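Listed below are the residues making up each chain.
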Amino acid sequence: MTDFTSAGGEAVELRRGQSLLTVDRKTRRRNAAEGRFKVYGLIAISIALVMLVILLVTIVVRGIPAFTQTFVSLDVPLRAEVLDPDGTGDPEVIRGVMTFGYAPLIEEALADAVAETGVQTEIDAAALVQMLSSGVAADIRDRVQENPELVGETVTIEVLASSRADGYFKGRVTRESLERDRNLSPAHLDVLDAMRDAGIVSIHFNWDFVWGADASESRPEEAGIGVAMIGSFFMMLVVLVLSLPIGVAASIYLEEFAPKNRFTDLIEVNISNLAAVPSIVFGILGLAAFIQFAGLPQSAPLVGGLVLTLMTLPTIIISTRASLKAVPPSIRDAALGVGASKMQSVFHHVLPLAMPGILTGTIIGLAQALGETAPLLLIGMVGFIASNRPDGLAEGLLSPNSAMPAQIYEWAKRADPAYYERAWGGIIVLLLFLLAMNLIAILLRRRFERRW
Amino acid sequence: MSLTRLALATSALALATAAAAQTRDNVQIAGSSTVLPYASIVAEAFGENFDFPTPVVESGGSSAGLARFCEGVGPNQIDIANASRPIRENEIETCAANGVTEIIEVRIGYDGIVFASQIDGPEFTAFEPSDWFTALAAELPVDGEIVANPHTTWADVNAELPDAEIMAFIPGTKHGTREVFEENVLLQGCENTGALQAFIDSGMSEDDAEGACMAVRTDGASVDIDGDYTETLARIDANPNGVGVFGLAFYENNTDRLKVATMGGVEPTTETIASGEYPVSRPLFFYIKKAHIGVIPGLQEYADFFVSDVMAGPNGPLANYGLVSDPELAATQEAVANGTTMGSM
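Residue numbers (my numbering), protein chains in the order written: chain A, 22 to 473; chain B, 28 to 372.
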């Protein structure tokens, strides 16, 4: 006690004769340290912001071209002598003509279109076709199959240009690079320029990129992320249907009913650890448990959804428990006090108040699952898979499909540089989804969250 | 009440799944990433032209594909494995042990392996197999003694090559391409330089000597690429001195960033590969489970369509993409149509 007063007295002694307003050395040092810390913080934040801006600008600049595509407008003569030589008009006969049968018709139509522009070229008709997508024949064949009466007429149809021709208008392909290219020559570019001037070639938004199916390596211009998006949708459906009820039920039990003992402690620790397990582990578990043991089909969104459910469950359980904990005990006590059973107090009072937090956690968990690729590698969802549009719920769950991030990964691996552009475009679509989900989470929290 | 509903929905889902697991209406394919582009082109055209759904083609490498192929017979197993090398004896044994006894081998054509570097990099324009052996071998004979590879630049190896650091990106061991690279380039170079004989003279058995020829140095001058050619391309982009091993089709799609070197004085083109002049090429295959034919709809049709003249012929879409058409395609077509299995040939 005496020590304390004497020490205090000394301190006062030291400051005697100095105003509190004049800053001494020690205070200056403390203030400087604080100032430095603020600067460090600012530097850290600006580095993060610069990185974010670089990331977003790169994604947008590289991805935006994937949304537009070069189209060529052609008058294709659907000659009866090629498509239906005997004049039967029988759809079965017309079906029998494969896509290869349409090639001469397309060559003819393109040669006519080029001749119309008046440009002189030494390229023969067979080589001119390299300016068009190799999927054109399939487009026209589909159209003829829908309307067999078109045979014998000339239809005007807008078809895709090949990836090289498209790349030229987007600045990805130059004359110099084409000197060494086998698919297109610089002479083709003169023809393309003339067709552009004549209005036969146009560039506009390509909805098929957003809604279409994946395409093979030889025609990147046709590829779209639509079917993979449906695959992602079905996986998210499975995740939501399974992980929300299971996760919420588990957390309510653990938080409100379970006795506190070693066993529940063990469960608690395990749930926290599971949340940190790398997702690829769930992938190999899914392969062993769902495909090899349970015999579920390979590459099916159902299996993908089950695997992602395992991954999402810990996230949902942790966030649900946190929001149950945040409900003040007075609510429970009041409910019990007026005679409610334990279950009534939980389901009538605690759960509704915890709901915004639960939903936010669920949406964040779903968003995480939506962007997950690694476990899908192991259950066969990466490759040339998203090529058939599923028809109905059962097929959507069970027939092979890919998912958006898996599709992006697959595109980035492919040889043609046009696929690289599409991978960036796919990232934009994926980010828009994640942004939308996070926005919903924020809105829910803002709208319904209660503070005590 | 809502719990009952949930239980009902779950059991309905389980039932639907069980029913679906019994049948499958699309062909499932997995395997070599070199064959994947060709298989996807065929699968797409197949889906367009036939009343079957488009087959599903997964990648992952020849060995991984064949391993899955040999897991057994049934709707949950793949029907076709793509491979950039012939199936091995031990894989056939694994297959047989799991009930996959009848396998149809289909050779679809040939693929060239090319050596390419950054377009603005040093002038790597002509290689010999011996250059690659001398540059990449783990150990080689110098003045009658076997020493660890002392070479650091390509000029050390061959005075005609640029004075650039040795930085080679070669396919990892899970790729079928690696095997072809070892046998047609490293082993060949080993023989040409007389190193094989030197290894044998030093007391190794012939097998060990061949193994020593194909052993690649591990001091960082050679990098195994376990991913796809896009990864090799990214490495080359970042290393002006890098030289990478690519498939011909991949190179032809990226001529704006890569320049190719001749091997043994021959430039790799579909023509020189078809004629056999270009030394580093290999056949590409796919393997069909015969037990699945007639069970999985469209499997026979897919196989027939793959090897048909309109697809795999010299002017078909596969050749346009970079596949070297098989001169004996007619025999392959017949074998596929008859379902000739491997043992019965």
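A couple of the hints might just be wrong.
Claimed, not checked - No farther apart than 16 Å at their CA atoms in a straight line, the calculated lysine to aspartate or glutamate pairs in the EDC-like style are these:
#1 Lys434(A) <-> Glu258(B)
#2 Lys434(A) <-> Asp253(B)
#3 Lys317(B) <-> Glu304(B)
#4 Lys286(B) <-> Asp202(A)
To be verified - Here are some chain B residues the structure puts well away from chain A; computed CB gaps all over 12 Å:
#5 Tyr137
#6 Ala175
#7 Gly230
#8 Gly254
#9 Gly274
#10 Val363
These aren't lab readings, by the way, just hints derived from the structure by calculation.
Since we're looking at a predicted model, the values are computed, not measured.
All residues carry an ideal CB built from backbone N, CA and C; glycine is no exception.
Beyond 12 Å from every Cβ of chain A: is that where the Cβ of Ala175(B) lies? holds, 35 Å
Could you check that no beta carbon of chain A comes within 12 Å of the beta carbon of Gly254(B)? Nearest chain A Cβ is 8 Å from Gly254(B), so the label is violated.
Holds or violated: Lys286(B) with Asp202(A), Cα cutoff 16 Å? Holds. Lys286(B) to Asp202(A) sits at ~11 Å (cutoff 16 Å).
Hinted pair, alpha-carbon criterion (16 Å max): Lys317(B), Glu304(B). Please report holds or violated. Answer violated: Lys317(B) to Glu304(B) is near 35 Å, above 16 Å.
Given hint Glu258(B) paired with Lys434(A) - CA-CA distance at most 16 Å: Given pair Lys434(A), Glu258(B) holds - Cα atoms ~8 Å apart, limit 16 Å.
Verify the proposed pairing of Lys434(A) with Asp253(B), using a straight-line Cα cut of 16 Å. Answer holds: Lys434(A) to Asp253(B) is near 13 Å, not above 16 Å.
Gly230(B) clear of chain A by more than 12 Å, beta carbon to beta carbon? With a cut-off of 12 Å, Gly230(B) remains clear of chain A, as the shortest Cβ separation is near 45 Å.
Just checking, Val363(B) versus chain A, shortest CB gap more than 12 Å? holds, 18 Å
Can we confirm that no CB of chain A comes within 12 Å of the CB of Tyr137(B)? The assertion about Tyr137(B) holds, with a minimum of 17 Å to chain A.
Holds or violated: is the Cβ of Gly274(B) farther than 12 Å from all Cβ atoms of chain A? violated, 8 Å
Hint compliance for this structure: hints 3, 8 and 9 are not met, and every other hint is.
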